[in-house]
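Colleague: Given the sequences, and given the hints that come with them, work out the whole structure.
Here are the chains, one letter per residue:
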Amino acid sequence: MKRLINMLLIAFTVTLGGLDCKEVYTPPAIKNNPFLLVVDGIVISGNDSSVITLSRTRNLADTVPSVKELNAKVSVLGVSGVEYPFTEAGKGRYVVDQLSLDATQQYQLKIVTADGNEFRSAFNNVQISPPIDSLYWNQDSSLNAHVYLNTHDPSNQTKYYRWQYVETWEYHSAFPSVLDYNNGNIIFRTLDNQIYRCYKSVPSSSIEVFSTTQLSSSVVNKYEIAEIPQGNERISETYSNLVSQYAIPAEAYNFWSNLKRNTEQLGSLFDLQPFTELGNITCVNDPSIHCIGFISFTTIQTRRIFISKNDLVNWSYQPYYGNDCIIDTIPPPDIDKYFQPPGGPYSNSLIGTNNGPYLLSSVLCVDCTNHGGTTVKPNFWP
Amino acid sequence: MYYDLRHLSCLVIGSFLCLFLHAQNKKTFSGDFHGMKLEQFAESIESQSEYRFYFKPNETDSIVLDFSVQDQTLPVILNMALAHTDFHFAIDDDNNVFITEKFTIQPNLPDDYFNVKRPLSDSARESAFSVDNYLDNQKNQKLRSALENRVFVIGPKTNTYRNGKGTVAGYIRDAKTGETLVGATVSLDNPPVGVSTDQFGYFSLTIPLGPHVLHISSIGMKETVRHIALYSDGKLNIEMEQFIPGLKAVTITSEKNSNTGRLQMGVDRLNIKTIRQMPVVFGEADILRAVLTLPGVTSVGEASTGFNVRGGSADQNLVLFNNSTIYNPSHFFGFFSSFNPDVVKGVELYKSSIPEKFGGRLSSVLDVTTRDGNSKKISGAGGIGPLDARLTIEGPLFSEKTTFLVASRSTYSDWLLKQIPNDAYQNSTAGFFDANLRLTHEINAKNHLFLTGYISGDRFTLNSDTLYKYQNKNVNLQWKHEFNNRFNAVFMGGIDDYNYSITSTLNPINAYKLSFKITQYVFHGDFTYNINSVHTLDFGVSSIYYKLYPGSLDPQGSKSLVVPDHVPTEQALESAAYLGDRINLGTKFSVNLGIRYSYYNYLGPQNIYTYAPGQPLETTSIIDSTYYGPGKNIKTYQYPDYRVSARYILNDNSSLKISYNSLHQFIHQLTNTTAISPTDIWKLSGPHIQPQGGQQLSLGYYHDFKSHTIETSLEIYYKKINDYLDYKSGASLVLNHHIETDVLTTRGKAYGAELLIKKTSGKLNGWLSYTYSRTFLQQDDPNAGQLINNGAYYPANYDRPSVLNFIGNYQLNHRFSVSLNVNYSTGRPITLPTAIYDLGGGERVYYSDRNAYRIPDYFRMDLSVNIEGNHKIKKFKHSSWSIGVYNLTGQNNPYSIYFTSENGVIKGYKLSIFGSPVPSITYNFKF
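Line by line, the protein sequences give chains A and B. Every letter in the first sequence is one number past the one before it in the numbering used here, and letter 114, counting from 1, is 114. Heads up, the numbering used here is the position in the second sequence plus 1000, with the first residue counted as 1.
There's no promise every hint is true.
[Claimed, not checked] Incomplete in silico selection of chain B near chain A, CB under 10 Å:
id, residue
1, L1735
2, N1736
3, T1831
4, R1850
5, F1914
No lab work stands behind these hints, which were simulated from the structure alone. For glycine and all other residues, C-beta sits at the position ideal for the given N, C-alpha and C.
Modeller: Have a look at this one:
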């Protein structure tokens, strides 16, 4: 009896240690795409350009990354009748430079798609965003880094905030390459040509909104903009985050926070009944044609923060190239064998020389662009 | 010389069947018996004749003769001797004289004993019992047999039974603990009538005057019989013995005839013994999980506070705990029910014919009753499981007339949370406790007092930041008064309270506390009047005063900028009067007619918005507001609700039942999550929120096999619900000062069939149930602001068409039993995305029709072994082990399917709560 109980207790512990009940789910092949127009973007008044991206909904199982809506006519219309056209910039992007909108007027976005349907957003005032007070970071007890934002509106006009950000970071390959192979010649790399130091920029993909309606004044304290998990590559050298702050109207806040709840915050025991809110854009010529998106008008405030890996405590970065980067040597006569024809598997894998034999490693270990970054140093980089 | 009766059985058996006259009856005796004890008298007679006396000398000590006789026969002398005592005598054909206390041995069973014709012949005028049975049973002189063989004379004895009817009433109790037995049945073979005891273990049965054999049965107790000679109205208290498990093969004996004979339909009764035998998760007998195995009961998933009965929503169930309303009957967000199994006596679930004394909810009444304290001795029970420990102490207080029972349970670990595959729960802690108090006091035979106190609390810290707490607090006092045998009343007053709060202090600027509370003050007066054997009236009044705090937001700490926001309190008074008549029309047909009249007032102080006529209720259509002062009546709703049911007994083994119910509900739970969560708030009906209404028609066929040990039933129902609340997309329910702008009223329909096969006794017992049911909702009022699924009917979240349950228990021997529980059900409906799009920098999913798809079907098998300690009755402590495995096959049953955008890419996940077998071991003890 005692033995049986002991065995059961052991089984108990083992089982509980191994519970993992979250599995990837592949839905049935639902092919019920309504092919709705999706309008993404925010119209900025002041010293920044505005970008509106038009796309279409696609089937859940589609492998196409995105269906862009091309050849549309996009413009901002004022109540007074003033119209500012956007220009098409490819890939469904429509751009206008530095609109200066009148804070006392209401505006709407007008879209005429190539199939002749006309969509308009609801009229909205231009919201004035207060400046960002500070952007700062800390490391929690699990050594994850967090970027926080503080802001406030002295006039208490701004009740709802929305943020977007772009993260940029520098990372290095395993070995700095000083030599390059060029048409049978071994040449020294110039600084413009370096492939050791890369930069990667990724815009935010999550929805960040906050309401101060429950507070006595418009104060945002320690809003978490981004989390960088312990050891993440983003702080392998230097990390930067450029946050754009917008003021948004109440309906926009509801739209974005509902979208966040429905597409980012599910998975708890007490999930909301999911739904899709369409937004504030309607089809003028046929109300039965739906459109997804919420267009509001705002001024923009930005702020940038840098975090260096030296600022962090116990940041155990595991390089993307792993622990298998080894240096090989090749005798000079063999170089053509390795590097011809150009673009072969060894291009950009040359490191340097050691008095005769050339040193070489795998491309992954030498060329940082192989990991998706660019070698062009951003102009804001310190 | 006297003989001990025990020596005699072999001598006399077989000699009593002849019906000759008593040979010596004419022999006469003379003498002075003054001061003579029975023993001396018997010696004297035996010396003069062939009479032989049989009696128990220690019982007859008190008999002293004080007369002298001249030439009198023995019967005459004995009549004189025993005239003013409880003793009776009988003389058989062999001149054996039996002197017995309280009952008479009928040495020669009259031919017409069980077919009494009035007036009775002299020879059979004494109701009696045959001697051979009597003596036979003396072989095991148990209390039970002694009581069973006694004939209880009820009412002043007369020479013949009068014509007419009489009422026998009393309490049925457990002989060992003195605890009253609820739902025990008292039935008669001829005429075939029966009644069940009420919540106090009280019964009242009106039957023709005459001799009767009452069959008494109750789950977990040995069946017993009582012989009565009913001369007029009177009392009969009955004590029943518990089964000592394993000594007999039978472990569960439910009420005989109850399946076919009971008037009500759609009632499921589980006693704690049955519940304890079922395998459960984490080793604790769980009342709500047991209820979920009953036909017609479903839930949306394993972590749901709510259960759904016959297509009703979770808030349409009235959960009563000794008559206190429990607003949140679960711990740990629904993993556990908040009822301590050590104090629960049993549960009854009314799902179709809801007695007229209950109201205020549409779907069902779950009536959980606790035990009363042991009236005979101080005793206790407890247990330790993987999550919690519990202890109960009970016993008499000062005297047998007052008993107490106190119990408490508490968690001592929070490993459960760590098992939930969501990061948020990994850094969380949780705990719960509950405590019970039950006091009973017998003022006198006609007045009893019962006090119930209950408190349960949960705390849960999410991500070491946000603290969730919720708490039930209930107290009530009941006074039962018997005016007479046929007329009794129960008065109850109580307070029920439920509250929760969410506190977050991590960010000092935003630090807040959000709280919700509902308090209700309840008064009931319930009367039962047993007019005659045809009519039994139930009538009464009830009143509930609600005080609801819909939501308060308060800052925490001096730095917090949170502005206090208190949604004004709501008040309402819900009153009802009811009258029901249980009518026995002959032996086969009985009807229950009931009406409940509800009168509801929504009261001030309150500010009521006026909306532009003909427009959807939106914040933009508010045109005015009116303030009503404290206590001012704002809106009245009144409804007569009907409860009709009928039973027709087709033959000994089968019956047909039909019932119709209409009900109204004035309080709504607001929830826009799929599963009911503990932070859902309640809302009272007011000018803009109509009460919910429901009607149900059900029909049932019941058939018993093998002398009622196998019960089968088939019930079908159709149900309509109106003004059920659903929510606009993106509805905000918390701190909403005008909830009417975020809700939609829907109508619902539900129908289904429930098949149940139940084996109530034998080494193998249990049940198999299959339910087919559908439940749909519809919102098709274009003026309401939003159509759901374009106004078509859509399946409710808890619509699970096929549910199969098997509960089996096999008693291997008197110490080991094995239980198996198998559950299969159709997956619940979910809303799946139909398309994907890019917005806000990431991929998003597009949802269209609500609940158009289903999660995969659910299958689970649980096994448990109960090991009892040895059965020495005198042992100080009885212990048992319960070892079980929940989800034996490790089936990865999805609780939910969801899609989420991670780093801008949509991913679909299947979340299971218990994706592998969960073993548990629990130690229970009793002393």
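Colleague: All hints, please: hold or fail.
Modeller: Taking the hints in turn, this is what the structure says about them:
The closest approach between the C-beta of L1735/B and any C-beta of chain A is roughly 8 Å, which is under the 10 Å cut-off, so the hint is satisfied. Of the supplied interface hints, the one on N1736/B is violated, with its beta-carbon coming no nearer than about 13 Å to a beta-carbon of chain A, more than 10 Å. A distance limit of 10 Å between C-beta atoms decides the matter here; for T1831/B the minimum to chain A is near 5 Å, and the interface restraint holds. Against a cut-off of 10 Å between C-beta atoms, the interface hint on R1850/B holds, since the closest Cβ of chain A lies about 7 Å away.
Interface restraint check: F1914/B against chain A, minimum CB-CB distance 7 Å, threshold 10 Å, status holds.
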